[in-house]
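Could you put together the complete structure from these sequences and hints?
Chain by chain, the residues run as shown.
Protein chains: 2
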Amino acid sequence: MNDYHFKLGKFQGHFVWHKHPDTDETFLVLEGEMMIVFRDGKVILKAGEMFVVPKGVEHKPFAERECKIMLVEPAGTINTGDAGGDMTVEDDVWI
Amino acid sequence: MNDYHFKLGKFQGHFVWHKHPDTDETFLVLEGEMMIVFRDGKVILKAGEMFVVPKGVEHKPFAERECKIMLVEPAGTINTGDAGGDMTVEDDVWI
Numbered sequence: 302m303n304d305y306h307f308k309l310g311k312f313q314g315h316f317v318w319h320k321h322p323d324t325d326e327t328f329l330v331l332e333g334e335m336m337i338v339f340r341d342g343k344v345i346l347k348a349g350e351m352f353v354v355p356k357g358v359e360h361k362p363f364a365e366r367e368c369k370i371m372l373v374e375p376a377g378t379i380n381t382g383d384a385g386g387d388m389t390v391e392d393d394v395w396i
Numbered sequence: 302m303n304d305y306h307f308k309l310g311k312f313q314g315h316f317v318w319h320k321h322p323d324t325d326e327t328f329l330v331l332e333g334e335m336m337i338v339f340r341d342g343k344v345i346l347k348a349g350e351m352f353v354v355p356k357g358v359e360h361k362p363f364a365e366r367e368c369k370i371m372l373v374e375p376a377g378t379i380n381t382g383d384a385g386g387d388m389t390v391e392d393d394v395w396i
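So the sequence lines, in the order shown, correspond to chains Y and X. The first sequence runs 302 to 396 under the working numbering. The second sequence runs 302 to 396 under the working numbering.
Please keep in mind that the hints were generated in silico from the structure rather than gathered at the bench. Computed from a prediction, not measured in an experiment: that's the story for all the values here.
Identical copies look the same in the list; a pair holds intra-copy or inter-copy alike.
Derived DSSO-like pairs: lysine-lysine, alpha-carbon spacing no greater than 27 Å straight-line: (1) Lys-356 x Lys-343; (2) Lys-343 x Lys-320; (3) Lys-311 x Lys-361; (4) Lys-347 x Lys-311; (5) Lys-320 x Lys-356.
Following this line, the structure appears as structure tokens:
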């Protein structure tokens, strides 16, 4: 919508530590359960729960079992933020 | 997130015809079922389904039974868009 994208994804295991210097990032869990680890705490999100990670805050998503999520963020936001690396995926892949 | 709000709401019956001249508007149905009527068609949304109404497109939400939804739209977006009237509610009420 407008210049924002809704991105569907699934992941399992440890994601990389990263931050998005220019934008907040919203996680909505569709199936399963995930954790977002911060340098000073963590949140656990179950299906139907949502969390907004503030701009610039380092975080590391983790899911013990496969978890399906929807992200809401500005078009062009890269999944690994400032971290890069093997887990970076191409932005703007439509399904 | 950023300058966008996630708004939780419930409604039943016919909403007013309106449009949002300056923004798209995203509907996500949380519980129940709703219809968005357009001048040239309609969509039916069930729980877990999402639809983006493009900027400037006239639409009229309708729910036969109470329906719980989440809206995603820029902060300050008024529920009745350009229509006004009795169904207009105050923006920016946090829960």
